[in-house]
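Q: Given the coordinates of chain A, work out where chain B should sit on it, guided by the hints.
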Amino acid sequence: GQNIDQPTEMTATEGAIVQINCTYQTSGFNGLFWYQQHAGEAPTFLSYNVLDGLEEKGRFSSFLSRSKGYSYLLLKELQMKDSASYLCAVISSSGGSYIPTFGRGTSLIVHP
Amino acid sequence: DTEVTQTPKHLVMGMTNKKSLKCEQHMGHRAMYWYKQKAKKPPELMFVYSYEKLSINESVPSRFSPECPNSSLLNLHLHALQPEDSALYLCASSQPGLAGGHEQYFGPGTRLTVT
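For the record, the sequence lines run as chains A and B.
Taking this note's numbering, the leading residue of the first sequence gets -2, the next gets one more, and so forth.
Taking this note's numbering, the leading residue of the second sequence gets 25, the next gets one more, and so forth.
No lab work stands behind these hints: they were computed from the structure.
The reader is advised that the hints may include incorrect statements.
From the structure, some residues in chain B lie toward chain A, with a derived Cβ separation under 8 Å [said to hold, decoys possible]:
no., residue
1, Val72
2, Ile80
3, Gly121
4, Glu127
5, Gly131
6, Gly133
The beta-carbon is built from N, C-alpha and C at its ideal position, and this holds for glycine as well.
So here's chain A without its partners, still in its complex pose (with noise of 0.2 Å):
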């Protein structure tokens, strides 16, 4: 089975800098991604990572370290926009299907 997990909640500040960590154990690791989901909304994709190291796309920033089995977000140049929750997905290989299975999310409130 998978296990992720991922801090509940977090707060930070307008302009700030925010990394929301993901640690996972799974088996069959087959890539990670990173979606946004605001309240009421459906998830929106974020980023991908499928070897270790940093990606960057804009304000956004993800790391992957297989061997330890973590991963994190980092948001830069918070926008109040931001507040949402993010969600890390593991995805696993099971007899040539690939699932994914989700974190429960962590809930970023960004204050002025």
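A: For chain B alone, kept in the frame of chain A given last:
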């Protein structure tokens, strides 16, 4: 077009009703997914269709019956649901093989209430 559409947006049904949720995408994706999401919880995978064939059923009760009539459409037929089935039902699509970095595109969801 990078949109996944779902209908209806809201649905209220009794425990003896039969209803269907619909999902459509025109991105040429050959994998489609149904998720169930309760408030303040992550999406839980229910079913995966790959090339119009059911490839994953995450031990979902038989009162939920998926159908994939063609590569653009995905239905979820509901019958004899329980109040605890009330949730947001999300549809998503992607290219098959998420390991290739093919992210899922999510629809806006159907908010289901079972009375």
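Q: Output the indices of the hints that this structure fails to meet, ascending.
A: none
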